[in-house]
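Make a model of the complete structure from these sequences and hints.
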Amino acid sequence: MEKIVLPGDELPEGVRYNPASVRKENGKAYATVVGAVENNYFVAYELAYVPHVGMPIVGLVYDKKPSAYFVDTTTAYTGLVLTREVRGSLDVGDIVSAKVQRIEGTDLILGYPRILRGGKLLKVPSSKVPRIIGKDASMVNMIKEMTGTSIFVGANGYVWIGGDNVDIAIKAIHHIIKRAHLHGLTDEIKALLIEENGKNPATQQTPTPEETESLENEVE
Amino acid sequence: MGGDSNIELIKDGKRLDGRGFDDFRKPLTLEVGVLQEADGSAYIEWGMNKILVGVFGPKEAIPKHLADPDKATIRCIYTMSTFASLEEHGRMGPNRRANEIGKVVREALENVVMVEKFPSTIIDVYMMVLQAEGGTRVASLTGAAAALINAGIPMREPIAGVAVGKAGGHVLLDIGKEEDNYGQADVPMAFTPSGDIVLLQMDGMMTREEIAKALDMAQEGSKKLFDLQRKAFEKEYAEPLGKKLSLKEEESKVDIHKL
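Chains as they are written, first to last, in numbering that gives the first Met the number 0: chain A, 0 to 219; chain B, 0 to 258.
Incorrect hints may have been included.
Selected chain A positions facing chain B (Cβ under 7 Å, derived; list incomplete) [said to hold, decoys possible]:
| no. | residue |
| --- | --- |
| 1 | ILE3 |
| 2 | LEU5 |
| 3 | GLY7 |
| 4 | LEU10 |
| 5 | VAL32 |
| 6 | GLU45 |
| 7 | SER126 |
| 8 | GLY133 |
So these bits of chain A aren't anywhere near chain B, every CB distance computed over 12 Å [as the list claims (entries may be wrong)]:
| no. | residue |
| --- | --- |
| 9 | ARG86 |
| 10 | ASP106 |
| 11 | GLY110 |
| 12 | GLY147 |
| 13 | LYS198 |
Hints listed in this document are in silico derivations from the structure and should not be mistaken for laboratory results. Just so you know, even glycine gets a beta-carbon here, dropped at the ideal spot from N, CA and C.
What follows is the structure in structure tokens.
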């Protein structure tokens, strides 16, 4: 395990980082959250959710008004989907995936809404989302391929999983979160999925090409 | 403060419980990530003190008038359980003492938490004293700082506090209940690792020289507490996370009343 870095610790020179987890003073970088330096990159183990324009969001519609739908994002921020953006209408209880277009105070104006029907919604710590997605979406794509599910990961910490083998995918995601700060995770998840698929061979199926294509654009 | 009471608090150069003048009480342990539903949490055992801290947020500010458009509002709620101690302050709820401790802890935390990153939101820090033996405010503060780090809320630096006091004519580190009740002074202090003082209260009387000595003693003692916080996080991330996970599954169509 790498040496733990706590807020206020100076980061070695040349280390790359996410600006949200670091503060600069006199040209030096100091950590503001707990983490560790791995491969010359400061990884934040915990980081409270901060929204950015363009972030993918998964949320739950909890109210509707004539001009907008209100989306619960499990964070301090409320998502707003303008009614004119939606073809047809949304209902309370619908799960939507969307992108942050504008931030106004604690309101996130969401664009490109898409309803996710059926499936399950999983709440995960938002700091673990990058690990669930993996480098170039490698982790989430592997889970999708090996379980035949569709997965939408919101940067806010909601993950929607649809398809037949939802439970296996959920198990894999739980595993990722528990071990997010440890090494060799991709191999571990691969082994876990092979083992789970072996128990239930009928579940080995891959999504149709159209499905995979449309999902890849959404998850980043 | 008992002032000049007849109780002998120092005997043969040792304190009532056999400690030296600059020793901490034992045990002194800190654990983070102990609560499943909280965003961050910590449990501190400090002598007979047992304190649980839970941090929630940043979240939507309710009631709305608490929202500050420039920064996050920190709300610290200190509660003593009914069974925390034998004395009268084992009353739950917002009494004068709990309000005061909530206020001083909040003001100490506002120095280090980067509140400007989360405008219009609120960060709740709940400190629950399960068992008390004097010095709960500094123990709560030390635990609250660890819980905030555990919640991933950006901070400039951690903070840690310790109470210094005077009993039997000597300046003592980490005073316990008897030394607090029958001693001559009680001075809770909190520091950042760079040496800034973020909490300083005083009850009783001390000379200038004694205060200077107490400051040095507390600052030296706070280094031990920063090590304690670091060790707690090293332990937390040395193995798979277990307790802290808050994973919930929800069906697609949910009952609005359950939200």
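Against the structure, the hints:
With 7 Å as the threshold, the beta carbon of ILE3/A comes within range of chain B, its nearest partner Cβ sitting at about 5 Å, so the hint holds. Given the 7 Å rule on beta carbons, the hint for LEU5/A holds: about 6 Å separates it from the nearest Cβ of chain B. Interface restraint check for GLY7/A: the shortest CB-CB distance to chain B comes to about 4 Å, inside 7 Å, so the restraint holds. Interface hint at LEU10/A: violated, since its Cβ lies 14 Å from the closest Cβ of chain B, which is beyond the 7 Å cut-off.
Interface restraint check for VAL32/A: the shortest CB-CB distance to chain B comes to about 5 Å, inside 7 Å, so the restraint holds. For GLU45/A, the shortest C-beta to C-beta distance to chain B is roughly 3 Å, which falls under 7 Å, so the interface hint holds. The beta carbon of SER126/A is positioned within 7 Å of a beta carbon in chain B (closest approach about 5 Å), and the interface hint is therefore held. Given the 7 Å rule on beta carbons, the hint for GLY133/A is violated: about 18 Å separates it from the nearest Cβ of chain B.
Under the 12 Å C-beta cut-off, the non-interface status given to ARG86/A relative to chain B holds; the minimum distance is some 20 Å. Against chain B, the non-interface label of ASP106/A is violated: not every CB pair exceeds 12 Å, the least being about 10 Å. Non-interface call for GLY110/A relative to chain B: holds, since the shortest CB-CB distance, roughly 22 Å, exceeds 12 Å. Distance check on GLY147/A: its Cβ is at least 19 Å (rounded) from any Cβ of chain B, clearing the 12 Å threshold; non-interface status holds.
Every beta carbon of chain B lies more than 12 Å from that of LYS198/A, the smallest distance being close to 20 Å; the non-interface claim holds.
The structure shown violates the earlier hints numbered 4, 8 and 10.
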